[in-house]
Each structure stands twice: as C-alpha cells, then as structure tokens.
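Q: Now for the letters of each chain:
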Amino acid sequence: ILNVEQSPQSLHVQEGDSTNFTCSFPSSNFYALHWYRWETAKSPEALFVMTLNGDEKKKGRISATLNTKEGYSYLYIKGSQPEDSATYLCAFARNTGTASKLTFGTGTRLQVTL
Amino acid sequence: NAGVTQTPKFQVLKTGQSMTLQCAQDMNHNSMYWYRQDPGMGLRLIYYSASEGTTDKGEVPNGYNVSRLNKREFSLRLESAAPSQTSVYFCATRETVAQETQYFGPGTRLLVL
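For the protein sequence lines, the chains are A and B, in the order given.
One rule links them: number in my numbering = place in the first sequence (from 1) + 844.
FYI, my numbering numbers position 98 of the second sequence as 97, with every residue one higher than the one before it.
Calculated directly from the structure, the hints in this document are not laboratory data.
To give an idea of the interface, some chain A residues facing chain B are shown, with a C-beta separation under 8 Å as derived from the structure:
#1 V848
#2 A890
#3 V893
#4 A937
#5 S944
Note that the Cβ used here is the ideal one computed from N, Cα and C, for glycine as well.
Take the sequences, apply the hints, and build the full model.
A: In structure tokens, the structure reads:
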C-alpha cells in the first residue's frame, strides 16, 4: 500500500493571506505527482501534473513545487480569495508500465473567509 | 461536449440488491477508472481499464465487477449491495500515457440500507 500524506488536514485563512500545503509520497518508482482542486458538490479538477524533480508549475495565484528525491510537493496559494475555498488533493502515480494508477491523499480542506 | 457523465446521480438500495453504475465519456480517452470516496479517506481505486477490452483490479475491488463495453463506456456493477458500499462513486478518464491528467465525472451517491 502506498502512503500519500497531506498536511494540514484543514486550514482556515483570511482573504489576502498566502498559504501552503504539503504532500508527501514514496520517492521510489516515481512517475508523476498530481494536484487536484475539489469544490464541494463538484468533481475534482486537475491543477498540475509534475513529473521532474525540481518542477515548478504555476496557474494564476496557485503554484506547486516538486522534490522527487525526498518525496514531497508543496502547493502555494498567494493572496487567498473566498473562491479558493476547496479541498486540495494530491495524488502519486507510480510507473506501472500500463495505465497510470493514482494513489490519492486525503486532502487539505481550505476555507477562506472575508 | 459533455466530458465524463455518470448515471444515476443518486441511488438508494436495500442490502442484497444489485445495480450498475454507468459511466460514459466523449473525450476519446483510452483509460477509464472507478473510484470510491468515503469520509476521512482519499479517493480509492476500485477497478480501471487501460483500454477497450481490458480491465484490472485496483485497491478495493471486492464486491464489484466492471465492464468496458466499448471505448466510451465503463460500467461498475454491485451484484449484492452491502451497507459498506455506501459511498460516492467517481468515474474518471485519462487520454494516453503521456497525458497524465485524469478527468472526473460528477459522481454517483449510493446509499445501501
């Protein structure tokens, strides 16, 4: 069983605050690390897929970094807004040779208030 | 372009009843997946299909069967539902090995009494 751990479990910030979350994953047999954004009553939507050690990806105010040697990824949100409120999932893909299977963490639930 | 669709959106079953959850995609993706989401747990893979005609077990396959009817459709069947199968079920697709992103359907909420 692969362990993908996310911290913190939940986070409550005020509008304008910057914040970050951590995802840790097995460093062996790495293929890809995914970040998804999951709003309540909707389905998860992809934010980033990262495959190379040292990768940095950015989409608007959200960015992510990847360290495959030590097995962690950070997701940053700059200047949080209420619409950023969601659960942020990371998922680890191990190289299986065929269809890539994802192991998901339990997510970090972010609540941004005015 | 509907993306990934799932039916039904919500279902209540009695213990022992059977049902099939349907998933269809119009994205021409090769790989399809079934996950379940339970409180306090991450999405867990039930079954997946790398391509039309192939299916494989995921992390939690017991109590389920799947059919990859064609490239578009991947169904999940509960032959004899149990309360432990109360969950939200998500179908997802993925295009190719190079395109890793998975695209999720809206989910099916299942309650087994």
